[in-house]
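With the hints as extra help, turn the sequences into a complete structure.
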Amino acid sequence: MIKLVNLDKYYKNKFIKTYVLRNINLEINEGEFVSIMGPSGSGKSTLLHILGMLDSPSEGEYYFFNEPVHKMSERQHSELHKNHIGFVFQSYHLIDELTVFENLETPLLYQKVKSSERKAMVADMLDRFKMVAKKDLFPNQLSGGQQQLVAIARAIISNPKIILADEPTGNLHTNQGKEIMDTLKKLNDEGKTIIQVTHSEENAKYGNRIINLMDGWIEK
Amino acid sequence: MFLNYLKIALRNLAKNKLYSFINISGLAFGITCFLLISIYLNNELSYDNFHNEPEKIFRILRDNEDPDNHYLIGYTSGPYANALKNDYPSYIQSVTRVMANDGVVDYKDKTFREERFFFADSNFFEFFNFPLLIGDKKSVLTDANNVIISKETAKKYFGDANPVGEVITVDKEMQFKITGVFDNNNLNSHLKFDFLGSLLLIEKYRWFSGWWNNALSTYIKVSNLNAEQKLKELFPGFMDKYFGEDFKRIGNKIGLTIEPLEDIYFNNQTQFDFADHGNKTSVYIFSVIAFFILFIACINFMNLSIAVSAGRSKEVGLRKVIGAEKKNIAYQFIGEAIVYSSIAFVISILLLEIILPYFNSFIGKTLFINYGNIGLALASLIFIIIVGITAGGYPAFVLSTVQPAKILKDDGASFKSGKSILRRILVVTQFAISIILIIGTILITKQMNYLSDANLGFNKEQVVLLNVDNGTFRKNIPRFKEILERESGVKSVTAMSGEPGGFHDNYAFKIEDKGEEYVRMRILLCDEDYLKTFGIKVIEGRDFSEDFVTDQSEAMILNETAVKSLGWTPQTAVGKLILINFIETTYRRVIGVVEDYNFTSLKNKIEPLAIAVRGDFRKAAVKLNGDDVKGTLKTIEKAYASVSPGYPFEYEFLDESFDKLYKSEHDAQILFRNFSVTAILIACLGLLGLVMYSAELKRKEIGIRKVLGASVAGIVALITKEFLILVVIANFIAWPISYYFMNEWLSDFAYKINIGLESFLISALIAFAIAVITIGFQAIKAALANPVKSIKYE
Ligand SMILES: Nc1ncnc2c1ncn2[C@@H]1O[C@H](COP(=O)(O)OP(=O)(O)O)[C@@H](O)[C@H]1O
Ligand SMILES: [Mg+2]
Chain V
81 MIKLVNLDKY
91 YKNKFIKTYV
101 LRNINLEINE
111 GEFVSIMGPS
121 GSGKSTLLHI
131 LGMLDSPSEG
141 EYYFFNEPVH
151 KMSERQHSEL
161 HKNHIGFVFQ
171 SYHLIDELTV
181 FENLETPLLY
191 QKVKSSERKA
201 MVADMLDRFK
211 MVAKKDLFPN
221 QLSGGQQQLV
231 AIARAIISNP
241 KIILADEPTG
251 NLHTNQGKEI
261 MDTLKKLNDE
271 GKTIIQVTHS
281 EENAKYGNRI
291 INLMDGWIEK
Chain A
12 MFLNYLKIAL
22 RNLAKNKLYS
32 FINISGLAFG
42 ITCFLLISIY
52 LNNELSYDNF
62 HNEPEKIFRI
72 LRDNEDPDNH
82 YLIGYTSGPY
92 ANALKNDYPS
102 YIQSVTRVMA
112 NDGVVDYKDK
122 TFREERFFFA
132 DSNFFEFFNF
142 PLLIGDKKSV
152 LTDANNVIIS
162 KETAKKYFGD
172 ANPVGEVITV
182 DKEMQFKITG
192 VFDNNNLNSH
202 LKFDFLGSLL
212 LIEKYRWFSG
222 WWNNALSTYI
232 KVSNLNAEQK
242 LKELFPGFMD
252 KYFGEDFKRI
262 GNKIGLTIEP
272 LEDIYFNNQT
282 QFDFADHGNK
292 TSVYIFSVIA
302 FFILFIACIN
312 FMNLSIAVSA
322 GRSKEVGLRK
332 VIGAEKKNIA
342 YQFIGEAIVY
352 SSIAFVISIL
362 LLEIILPYFN
372 SFIGKTLFIN
382 YGNIGLALAS
392 LIFIIIVGIT
402 AGGYPAFVLS
412 TVQPAKILKD
422 DGASFKSGKS
432 ILRRILVVTQ
442 FAISIILIIG
452 TILITKQMNY
462 LSDANLGFNK
472 EQVVLLNVDN
482 GTFRKNIPRF
492 KEILERESGV
502 KSVTAMSGEP
512 GGFHDNYAFK
522 IEDKGEEYVR
532 MRILLCDEDY
542 LKTFGIKVIE
552 GRDFSEDFVT
562 DQSEAMILNE
572 TAVKSLGWTP
582 QTAVGKLILI
592 NFIETTYRRV
602 IGVVEDYNFT
612 SLKNKIEPLA
622 IAVRGDFRKA
632 AVKLNGDDVK
642 GTLKTIEKAY
652 ASVSPGYPFE
662 YEFLDESFDK
672 LYKSEHDAQI
682 LFRNFSVTAI
692 LIACLGLLGL
702 VMYSAELKRK
712 EIGIRKVLGA
722 SVAGIVALIT
732 KEFLILVVIA
742 NFIAWPISYY
752 FMNEWLSDFA
762 YKINIGLESF
772 LISALIAFAI
782 AVITIGFQAI
792 KAALANPVKS
802 IKYE
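Respectively, the protein sequence lines represent chains V and A.
Each residue of the first sequence is one higher than the one before, starting from 81 at the first, in the working numbering.
Each residue of the second sequence is one higher than the one before, starting from 12 at the first, in the working numbering.
Bear in mind the hints are in silico, worked out from the structure with no lab data behind them.
Some clues are possibly wrong.
[As the list claims (entries may be wrong)] Derived DEER-like restraints, expressed as beta-carbon distance ranges:
id, chain 1, residue 1, chain 2, residue 2, range
1, A, Ile-397, V, Lys-285, 55 to 65 Å
2, V, His-253, A, Ala-780, 53 to 63 Å
3, V, Asn-103, A, Phe-743, 48 to 58 Å
4, V, Ala-200, A, Asn-371, 38 to 48 Å
Given the structure is predicted, the values throughout are model-derived calculations rather than measurements.
Glycine residues also receive a C-beta, built at the ideal position from the N, C-alpha and C atoms.
Written as structure tokens, this is what we have:
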């Protein structure tokens with residue numbers, strides 16, 4: 081499903097290249113639950129962003145379902161991204177000005193889903209995450225765990241193949257964190273590919289594979 | 012999708028109340044000015060566009076063909092029309108004539124002086140397209156005593172009753188039967204009349220058939236568009252055919268030309284006519300100002316949107332993560348701008364309704380918003396969208412390029428718009444425009460003060476002017492003088508052909524010792540008390556006097572310029588013999604020379620002037636001694652009633668009538684003042700928004716500096732300096748531009764102020780003061796904030 085070949089990421093500052101990712105070779109199959117671990121600043125988020133096509137590699141190749149992502153235009157990136165990838169962040173990143181319902185609806189708007197269908201899909205999601213009563217609240221009226229649930233709901237509402245989660249439990253209490261991890265596990269059981277960044281050994285165990293990043297290198 | 016955007020837009024609006032307020036009110040001001048001026052321009056440019064085939068209608072003009080003093084004359088005489096039609100049937104389809112007149116109209120117990128009582132040929136309503144409410148186009152003017160009146164006039168005399176068939180009396184002697192009512196309410200034409208009588212009545216007079224008796228305007232409708240050029244080529248032959256002998260006799264030629272109907276309103280080259288004229292320069296100036304103000308309002312909007320957008324970059328990043336494309340983001344922000352501009356538009360319509368009555372009374376027109384006009388509604392919609400795109404386009408562009416990966420890094424680093432060069436350029440532009448307008452206001456005001464304080468060479472205070480516009484009054488002038496001169500409140504009374512600032516005809520003179528050559532000078536015909544009444548100084552010889560009976564026909568006084576232009580000195584001038592060529596056959600002797608005085612206006616240089624005693628009066632002037640003005644006016648009214656019974660008493664003070672000569676300049680002054688206030692207001696709103704935002708961004712910096720020991724004053728200076736530099740730059744841009752335009756404007760005046768440096772310095776000072784107040788308040792607020800809070804906040 082995903083294949084990275086000799087992938088580098090560096091930032092150029094004047095004439096000095098600062099490497100964030102070095103010579104990454106990685107293959108992830110459909111249905112896997114992968115955990116990326118490593119100390120702060122080791123390039124985990126950067127890797128996730130590249131995988132999610134929010135950022136582009138400086139060098140190397142990235143195949144998504146055998147399609148060469150590194151050769152694609154920005155427009156094709158957004159197209160692939162919006163149809164196949166869902167994102168979850170440590171700090172939830174819901175749109176503050178929109179209600180829960182509207183936050184869930186927004187990805188569907190960008191996919192030009194019809195209004196009636198949209199309503200039904202959002203209602204489904206609300207039902208599934210037991211948030212029906214909260215649908216008209218704004219993000220700041222929810223607890224962190226609830227916000228993260230909404231964020232997950234938003235990530236999966238357009239039925240992506242893969243969910244990228246950047247420290248999804250980082251800002252949460254243990255109990256809330258467990259609920260989120262259980263949710264991700266359930267999604268994985270339903271067939272979604274999941275790649276998560278985590279600091280916690282415990283959470284990493286939810287996955288079937290752990291990748292350790294160290295100063296931009298994958299540790300063997 | 013649209014609803015989603017709308018929701019976000021409105022919620023953001025509610026969240027950033029102050030920004031939104033600044034933004035929308037700035038835009039609303041801008042749009043209001045723009046709409047106001049658009050309505051005005053639309054009105055100005057619509058003159059005479061309602062006729063059928065207006066491009067085929069022309070007015071006949073006489074051309075004085077004097078290379079030194081070239082001007083066109085809108086008055087022609089009766090015979091032109093038929094001669095033209097007979098001589099050039101293949102080019103001229105039809106002709107019509109219009110004569111302007113005035114008169115006192117009586118109907119039952121109502122008496123009014125009517126300034127716009129016109130006469131026209133019976134084909135007038137077929138020739139032009141003034142709509143008739145009552146009456147038949149073909150037949151309304153077929154009888155000599157027919158008259159058609161405007162809707163307003165009908166209301167004034169007859170209320171709601173049907174006026175057709177009623178008989179009115181004009182000037183106490185002529186009876187007219189009303190045959191129709193026309194509606195010129197919402198039509199703009201250079202022909203402005205309330206009554207239209209049949210020219211058949213005038214045609215009966217013998218003078219009407221004289222080629223030299225130019226009293227009306229002649230219009231032709233040509234058969235094809237090439238005719239204009241052709242006719243112009245044929246006209247010299249036409250004039251020679253009918254005037255050949257006369258030209259030889261007077262040693263002077265007059266040419267003939269035509270001008271398109273649609274050019275008449277804006278044609279300022281025509282010195283004498285009765286048409287309503289507009290001013291093309293004001294139209295240009297207004298268009299430029301309208302766009303300026305709208306432009307700076309849009310700049311504001313952009314500026315503030317960019318400032319606020321820093322706070323929106325997270326939202327944009329998120330939207331991209333969940334599937335938004337660049338274009339979605341761009342649409343969203345342009346959409347929001349359109350929401351804002353729609354709100355601003357609605358507000359500005361309300362503002363406009365409030366302002367329009369004032370504006371109307373100021374420009375003396377009846378502009379209104381035509382809500383029923385579909386085209387206008389459509390234009391407004393397009394306008395809103397264009398303003399939205401203009402104002403929202405740049406922020407939309409900036410935001411759509413936001414890279415989500417950069418924004419959404421979990422460490423919370425956020426997008427900062429920082430020291431955008433563009434925003435600075437925008438503020439500089441706004442201030443430059445404001446400064447240009449302020450300098451304009453100051454210089455116009457100075458010039459106007461200069462004009463009103465200037466020594467005109469005569470005394471215009473305490474002089475009451477009356478029109479000598481009916482035969483009874485004209486005949487009774489001696490009695491009128493006699494009655495008033497006995498009064499204690501009256502210093503002196505005089506009658507003349509035109510008051511200072513008023514009409515002074517241009518005549519040919521023959522100088523005895525200069526052979527056959529003619530000299531052209533301005534002329535003033537008056538009685539013996541003219542110089543005395545206006546306090547004009549005699550510097551050589553003597554004033555006219557009733558003690559010399561011969562002064563009536565044998566004396567003349569010249570002004571200094573005339574003396575100089577004839578190559579004399581005041582001393583040698585006295586005793587010279589001069590003939591007023593056209594109206595007299597015997598020479599007059601120069602008995603005195605007066606000091607130059609401005610008998611036209613300060614726009615013109617003083618020209619040579621000849622003054623002679625002769626009973627050719629159009630105006631009477633009464634000089635008061637100023638003790639009991641009200642009482643004296645009553646006395647004058649009584650005297651007027653006894654010498655001019657049945658005519659309404661109308662008067663004017665000379666200083667006021669003189670001020671009217673500068674009406675367009677005075678209007679410009681008021682407009683400039685109002686527009687510069689508006690512009691600076693809008694610019695301040697923009698600056699305020701920018702400073703507030705900058706202070707917000709710098710909260711943390713300010714907090715740290717304070718913790719490190721910076722003083723409040725130091726921090727205020729830090730914030731203020733950054734923006735004041737922009738105002739300095741704006742001044743440097745504005746000065747040369749203002750200098751250029753004000754120089755142009757002043758070139759209209761023969762007597763004018765020097766453009767000194769101080770006007771520029773004053774406006775710079777004003778701009779600075781306003782900027783300092785705007786910035787300073789915010790800067791102090793930021794500087795006084797509790798540093799600990801600010802640092803924690805980040
Ligand atoms: N725009 C950038 N310019 C330069 N360096 C960057 C930029 N973005 C991230 N980095 C650097 O890349 C490294 C990896 O960052 P990140 O992927 O966020 O690490 P992690 O998520 O593992 O903590 C960090 O050292 C960070 O300073
Ligand atoms: Mg990270």
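Hints and how they fare:
At about 60 Å, the beta-carbon gap between A:Ile-397 and V:Lys-285 stays in the expected band of 55 to 65 Å. For V:His-253 and A:Ala-780, the hinted distance range of 53 to 63 Å is satisfied, since their beta carbons lie about 57 Å from each other. A beta carbon spacing of about 56 Å between V:Asn-103 and A:Phe-743 agrees with the range 48 to 58 Å that was offered as a hint. The hint said 38 to 48 Å for the Cβ distance between V:Ala-200 and A:Asn-371, and at roughly 58 Å that hint is violated.
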